[in-house]
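There are 2 protein chains.
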Amino acid sequence: MPRYALLLEYDGTNFCGWQRQHDLPSVQKLLEEAAAPLNHGVPPTVTASGRTDAGVHAEGAVADLELALDLPPQRVRDAINFRTLPHPVVVRAAARVADGWSARFDCLGRGYRYRILNRPARPALEASKLWHVKRPLDAAAMHEAAQMLLGRHDFSAYRAAACQAKSAIRTLDRLDVARVGEEVQVTAEARSFLHHQVRNLVGTLYEVGHGRRPVTWPREVLEGLDRGKAGQTAPPDGLVFRFARYEPAPEWV
Amino acid sequence: MPRYALLLEYDGTNFCGWQRQHDLPSVQKLLEEAAAPLNHGVPPTVTASGRTDAGVHAEGAVADLELALDLPPQRVRDAINFRTLPHPVVVRAAARVADGWSARFDCLGRGYRYRILNRPARPALEASKLWHVKRPLDAAAMHEAAQMLLGRHDFSAYRAAACQAKSAIRTLDRLDVARVGEEVQVTAEARSFLHHQVRNLVGTLYEVGHGRRPVTWPREVLEGLDRGKAGQTAPPDGLVFRFARYEPAPEWV
Numbered sequence: 001m002p003r004y005a006l007l008l009e010y011d012g013t014n015f016c017g018w019q020r021q022h023d024l025p026s027v028q029k030l031l032e033e034a035a036a037p038l039n040h041g042v043p044p045t046v047t048a049s050g051r052t053d054a055g056v057h058a059e060g061a062v063a064d065l066e067l068a069l070d071l072p073p074q075r076v077r078d079a080i081n082f083r084t085l086p087h088p089v090v091v092r093a094a095a096r097v098a099d100g101w102s103a104r105f106d107c108l109g110r111g112y113r114y115r116i117l118n119r120p121a122r123p124a125l126e127a128s129k130l131w132h133v134k135r136p137l138d139a140a141a142m143h144e145a146a147q148m149l150l151g152r153h154d155f156s157a158y159r160a161a162a163c164q165a166k167s168a169i170r171t172l173d174r175l176d177v178a179r180v181g182e183e184v185q186v187t188a189e190a191r192s193f194l195h196h197q198v199r200n201l202v203g204t205l206y207e208v209g210h211g212r213r214p215v216t217w218p219r220e221v222l223e224g225l226d227r228g229k230a231g232q233t234a235p236p237d238g239l240v241f242r243f244a245r246y247e248p249a250p251e252w253v
Numbered sequence: 001m002p003r004y005a006l007l008l009e010y011d012g013t014n015f016c017g018w019q020r021q022h023d024l025p026s027v028q029k030l031l032e033e034a035a036a037p038l039n040h041g042v043p044p045t046v047t048a049s050g051r052t053d054a055g056v057h058a059e060g061a062v063a064d065l066e067l068a069l070d071l072p073p074q075r076v077r078d079a080i081n082f083r084t085l086p087h088p089v090v091v092r093a094a095a096r097v098a099d100g101w102s103a104r105f106d107c108l109g110r111g112y113r114y115r116i117l118n119r120p121a122r123p124a125l126e127a128s129k130l131w132h133v134k135r136p137l138d139a140a141a142m143h144e145a146a147q148m149l150l151g152r153h154d155f156s157a158y159r160a161a162a163c164q165a166k167s168a169i170r171t172l173d174r175l176d177v178a179r180v181g182e183e184v185q186v187t188a189e190a191r192s193f194l195h196h197q198v199r200n201l202v203g204t205l206y207e208v209g210h211g212r213r214p215v216t217w218p219r220e221v222l223e224g225l226d227r228g229k230a231g232q233t234a235p236p237d238g239l240v241f242r243f244a245r246y247e248p249a250p251e252w253v
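In the order they appear, the protein sequences are chains A and B.
For the first sequence, UniProt numbering assigns the number 1 to the initial residue and increments by one for each residue that follows.
For the second sequence, UniProt numbering assigns the number 1 to the initial residue and increments by one for each residue that follows.
Everything labelled a hint here was simulated from the structure, so no lab data went into it.
Hints should not be assumed to be uniformly reliable.
[Unchecked claim] Listed below are the simulated DSS-like cross-link pairs for lysine-lysine, each with C-alpha atoms no more than 30 angstroms apart in a straight line:
| id | chain 1 | residue 1 | chain 2 | residue 2 |
| --- | --- | --- | --- | --- |
| 1 | A | K129 | B | K29 |
| 2 | B | K129 | A | K134 |
| 3 | B | K229 | A | K134 |
Fair warning: this is a prediction, and the values are worked out from it, not measured in the lab.
Using the sequences and the accompanying hints, generate a full structural model.
Structural data, given as C-alpha cells:
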C-alpha cells in the first residue's frame, strides 16, 4: 500500500497527548479517524517521530501512515486537514515515502524548544505555550550548567518513572539557554530523547537559574543516576516539538 | 492625583476592541473596573496610545490613568493584574508619570506588525493571531510596492469611513514586508495612524502579492485619495500593536 509522511503542527492543550488512549482525545486518534476516508473507511495506524505528552505542542512533528488509495500527497494533506476541523491539528505538508520508511526509526535528529516567560505579569498572549516564572532567572548560569550535560551519557536521572526505553543512554547534541526579551528559551537537540527528558532538564536548570543550586549541580544530578535528586518536571505548556530530521528529507508538498 | 502609565499586553479576540462600548466587553472597561479598588471604588478613565479594533492584539500598548492612591508602580501593576483574571489582558509594567503626561498625545511613534500565514494548511498554532492566505504571495513585490508609500501623504484612500481624525495627512516611516518561514510579515511604523490604515495597507499590498495588481498600484491608490479604489480591509486577527515610543520613556517596573 502507498506510504506517506505527514509534517504536523498541533496545539496540545486540549489533548491527552499524541498517543491513542481509549476514548480520550488524542492527536493520533484524531488523525487516524480523519484519514479513514482515504483508507476504505478504516482508520489507518499513524506513527509519529515522537509521542508528545498532554499539553505539549508541535510545530514540525513527523508521522507515517499507509493508505489504500494512491493519491498525490497534497490531496492527502488537504483531505486530512478538512476532516480535523475545527481542532488545532493540521498537516503542514505531506510526502510519498518508500515502503518501510519510518518516521520513528529513520529519524536522525529531534529538536525541542521550551519557553519560559520570565516576568512578574502572567502571559496574556500564548498563555498555553509558556511556563510563567515570576522571579528573574539567570539564563547565563543555566546555559553554563547545560553545557556540562552535552554528549553521550546515561540520563537515568532525567527520565520519567514511566519511561519505556530499554536503555537510558542518549547523546545530547545541543542544550542552549538564552534570554530572548522577556523569555528564557531552552533549545534541545538529540537523535532521541527519553520520556520527560527535556522537561526534567528544564526543571533542573531552573534551580540554577534561581541561584538555589550551583552551575555544577545538574551535572552532579546526571552522574548520580537518581531521578529523585533532579529538579521538578517543568510543566508541559512551554514545550514544543520543533523538528524531526531525515536523510534524505521527505519531498514535502 | 498621582498619574501612572501602563504597558499593556492583550489578546483582542474576545473583545469589542479597546474602547468602552456600553455593555460589550472592551479592554478599556476591563482595566477601568480592575483599577477601581485603587481609586476609592470608582473606575478611573484609562486612555490608550491607540484604540485597537475588535480582534486586534497588543504586545506593548501604553495607557495612562490617575488614581486616588499614591502607590509604588509595581503595586498598581500587580493589583490590576489580579483583578483582570482570568481575562487575557495584563499590565506588563507600570510607571509613575508627571501630571498631564498623555499616552496618546505624548506618543512620538507607534509600531504595528501584521502576520499573514501563507501556506495551504490552516494554522493550528496562534490561529487567532494570523490571516491565513493559501496561495503563495510575492513578498518581495509587496515590499517594493510598500516603499512607494513612505513619507508624508494624504492617506484618505487608506482610512476607514468611520475615521474621526480631522486630517488624513500622516507620515509613514516604515512599511516593510518580509517572508519569515511560512509567514509574510508586514511591519509598520509612524507617529500616528488613521483608523484601519494598517489593515487597508495590508489588504492593498495583498493584491500585489497575488500578482493581480502591479507594484505601482498601491501608490496610484494613494494618489487617487479614494477609499473605494483600495484593496479590502485585512482581517483584524493578524494585527498586533507592538510599541508606543516616548522621550523620555516611562520608568517601567
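A quick look at each hint next to the structure:
no.: 1; hint: A:K129 x B:K29; in the structure: holds (27 angstroms)
no.: 2; hint: B:K129 x A:K134; in the structure: holds (25 angstroms)
no.: 3; hint: B:K229 x A:K134; in the structure: violated (50 angstroms)
Violated hint: 3 only; the structure is consistent with all others.
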